[in-house]
Amino acid sequence: MTDQNSALEQLVQQRYEAGWVTDIETESLPPGLTEDTVRFISAKKGEPDWLLAWRLQALARWREMGEPSWAHLDYPPIDYQGISYYSAPKSPGDGPKSLDEVDPELLRTYEKLGIPLHEQQMLAGVAVDAVFDSVSVVTTFKKQLAEAGVIFCPISEAVRDHPELVQKYLGTVVPARDNFFAALNSAVFSDGSFVYVPKGVRCPMELSTYFRINAANTGQFERTLIVADEGSHVSYLEGCTAPQRDENQLHAAVVELVALGDAQIKYSTVQNWYPGDEQGRGGIYNFVTKRGLCAGARAKISWTQVETGSAITWKYPSVVLRGDQSVGEFYSVALTRGRQQADTGTKMIHIGKDTKSTIVSKGISAVRSNNSYRGLVRIAPSADGARNHTQCDSLLIGDQCGAHTFPYIESRNPSAIVEHEATTSTVSDEQLFLCQQRGLDAEKAVSMIVNGFCKEVFRELPMEFAVEAGKLLEVSLEGAVG
Amino acid sequence: MLNVSDLHVSVNGKEILKGLTLEVKAGEVHAIMGPNGSGKSTLVGVLAGRPGYEVTAGTVQFKGQDLLSLETEERAREGVFLAFQYPVEIPGVSNMEFLRAAVEAVRGHRQQAPLSAPEFMKLARQTCTELDLDPSFLKRGVNEGFSGGEKKRNEILQMSLLEPALALLDETDSGLDIDALQVVAQGVNRLRSPERAVVMVTHYQRLLNHVVPDQVHVLAEGRIVRSGGRELALELEEKGYGWLTGETA
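Protein chains in written order, with numbering that gives the first Met the number 0: chain A, 0 to 481; chain B, 0 to 248.
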């Protein structure tokens, strides 16, 4: 039995392919968080007064709040004064106007990550916003998108060029006071993406943001705001990596989605932040607040996430179903190995009539990791005919890992139907033996079994991402098996 | 083809096979019969490389190689196939995907060119038809929600596609209705050729009406206690095992 376990452990040994550092001159703030830090960031971005005031208020809130401790996570206290809240690649003047002005070292960084930023080399039909540490370095296909009326730009640029849109929606889905990490983000967010899709427009390509944390001792606090006006459609992809470092790094992002009547937003994430080593040294602390609001009737918001990275993941992409007949979906694969800990799930808040939500969560735990699903389904008294279906499956690899499920159901309307199904299974010796007896090596066998387990979620991902996600799982599960 | 010599095997410290000797030549079909707990499944399991067995003495030669020194997947690629007594499910992995990966692994080892996706699908469908299986079999998850009989038929489908040099069948005929039994028999008979060999573990002589063995062995208490031709199986059907196990006691 022990032999089998150590073989499985070897199989899921850590390998992280995005762990290198870009050597680039940066402008960074010294560690510490005061009002001056917030003023510096706001001034750096040339922000209007209302936004500075909003940030300062968020900071004041944050100082009154305590770090949440209810999650099934165990980590040493974070020293919020030991973190630098701003780091940006040094560039002359205002920052690059076009790709030609972008530091070639940065372009090489993204190319190495498989994200070429030259439009002619890009995957056809995907526009990319590349965020490096605290700032957005480049956004591609801007012109083509503008022709369709779609705004896709760094949020700092949107504050400057489309202040009325940003002011109207910022903080309406995730208020600054929402939670400790959201308040922190509201005070110090430095960049992120902004998307606006006008009425009736189907966005002509997939939009994508690629986040990279490079600098040491720096937190990344990006803020993304996506607004889909009535009857519009948009699909958005998010990817993340970070170098391999011995210290932990904090990532506290906020994503807000607003879907007006008949609009649809599909938001997909492949999160591969550095997970730390086998002993649990280093890795990203990922505390993220993601929430979407179905503001109008028949709106639809769909979250799909593949979480393989980070030392700690604390993340509950949620949907507030306010419009009648609106639809919320959450499809998730969370893989933990080594000493990784994930406490992730979703919240579906049914307010409108005949609202529908679907939750499919697949948790995979290997080695000494802990994987928790935490989900809330709340049916308000107004939500006549609301329906939810939750399916929550856990797969264990080895016998020293843990899978936990914390479902919360609050139904205040007797006409609602809420279903919850949960299973726990293991990659069994017998499955491995069957695969090996058919000529497959153990690595291939485990990756096939895990991929099969995740199939329902993978098929929700856009094609390029589905391929990437499958490969990512394979690499994550790869080891030196003789 | 296969030479098992004085094989001793223990499971959790308990000796199950106690000096088993067996020779199977290319082109032959052997049936292994015997009472419950006599070591039949252990024999085919240890040959296929199932974990949890400890070989304490003896040797196994397969096509001139030391079979026991090979990893499980290497044995499979060399042409050892085990049809499972209790085939396990692999949810979400389609039969087609699974079979293709297996066929690729085996063909790659034999240095045969990989089959394109359409070529493979054609071959898989054709094999289904020959075995009288519904091609929808290929789209379903590996053994997922299959009935007992369907699982066994699926084993035969895999065997037919992989074309092993040595097929080991572990009570594949148990619990089958007559139609499913026909599929199993047909699969084995299709495979019969001068280059291949088959070892079938079975409790019942009825499979042997459809697949006529060259030799029948009786395994009792970890050893082969009697070998003979087809007629031995009929004799066993009539007399049971008592008179043979009595001999060894």
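Simulated from the structure, these hints should not be mistaken for lab results.
Be aware that one or more of the hints could be misleading.
What the hints assert, rightly or not - The calculated lysine-lysine pairs, modelled on DSS-like cross-linking and capped at a C-alpha distance of 30 Å, are:
(1) B:Lys238 with B:Lys62
(2) B:Lys121 with A:Lys454
(3) B:Lys238 with B:Lys24
(4) A:Lys265 with A:Lys167
(5) A:Lys443 with B:Lys24
(6) B:Lys150 with B:Lys24
(7) B:Lys17 with B:Lys62
(8) A:Lys355 with A:Lys443
(9) A:Lys443 with B:Lys238
(10) A:Lys454 with B:Lys24
(11) A:Lys443 with B:Lys138
(12) A:Lys454 with A:Lys265
(13) B:Lys238 with A:Lys454
(14) A:Lys352 with A:Lys443
(15) A:Lys265 with B:Lys138
(16) A:Lys141 with A:Lys167
(17) A:Lys443 with B:Lys17
Here is what the structure says about each hint:
In summary, the hint linking B:Lys238 to B:Lys62 is not supported, as the alpha carbons are separated by about 37 Å, beyond the 30 Å threshold. Straight-line distance between C-alpha atoms of B:Lys121 and A:Lys454 comes to about 25 Å, which keeps the hinted pair within the 30 Å bound. For the hint pairing B:Lys238 with B:Lys24, the CA-to-CA distance comes to about 29 Å; that is within 30 Å, so the pair holds. For the given pair, A:Lys265 sits about 22 Å from A:Lys167 by alpha-carbon distance, which is consistent with the 30 Å threshold.
About 33 Å separates the Cα atoms of A:Lys443 and B:Lys24, which puts this hinted pair outside 30 Å; it is violated. At most 30 Å may separate the alpha-carbon atoms for a hinted pair to count; B:Lys150 and B:Lys24 meet this at roughly 29 Å. Restraint check: the Cα-Cα separation between B:Lys17 and B:Lys62 comes to about 24 Å, which is no more than 30 Å; the hinted pair holds. At roughly 38 Å between alpha-carbon atoms, A:Lys355 and A:Lys443 are farther apart than 30 Å, so this suggested pair is violated.
Taken as a hint, the A:Lys443 and B:Lys238 pair is broken in the structure, with Cα atoms around 48 Å apart against an allowance of 30 Å. Pair hint A:Lys454 plus B:Lys24 does not hold up; C-alpha atoms about 44 Å apart against a cutoff of 30 Å. A distance of roughly 20 Å separates the Cα atoms of A:Lys443 and B:Lys138; the hinted pair therefore holds under the 30 Å criterion. In summary, the hint linking A:Lys454 to A:Lys265 is supported, as the alpha carbons are separated by about 18 Å, within the 30 Å threshold.
Annotation: proposed proximity of B:Lys238 to A:Lys454 is violated, straight-line Cα distance about 53 Å (limit 30 Å). Between A:Lys352 and A:Lys443 the alpha-carbon distance is near 47 Å, which puts this suggested pair outside the 30 Å criterion. Between the alpha carbons of A:Lys265 and B:Lys138 the distance comes to roughly 28 Å, so the proposed pair stays at or under 30 Å and holds. A C-alpha spacing of about 23 Å is found between A:Lys141 and A:Lys167, which places the hinted pair at or below 30 Å, so the restraint holds.
As the CA atoms of A:Lys443 and B:Lys17 are separated by approximately 36 Å, the hinted pair breaks the 30 Å bound.
Hints 1, 5, 8, 9, 10, 13, 14, 17 from the list above are not met by this structure, while the remaining hints are.
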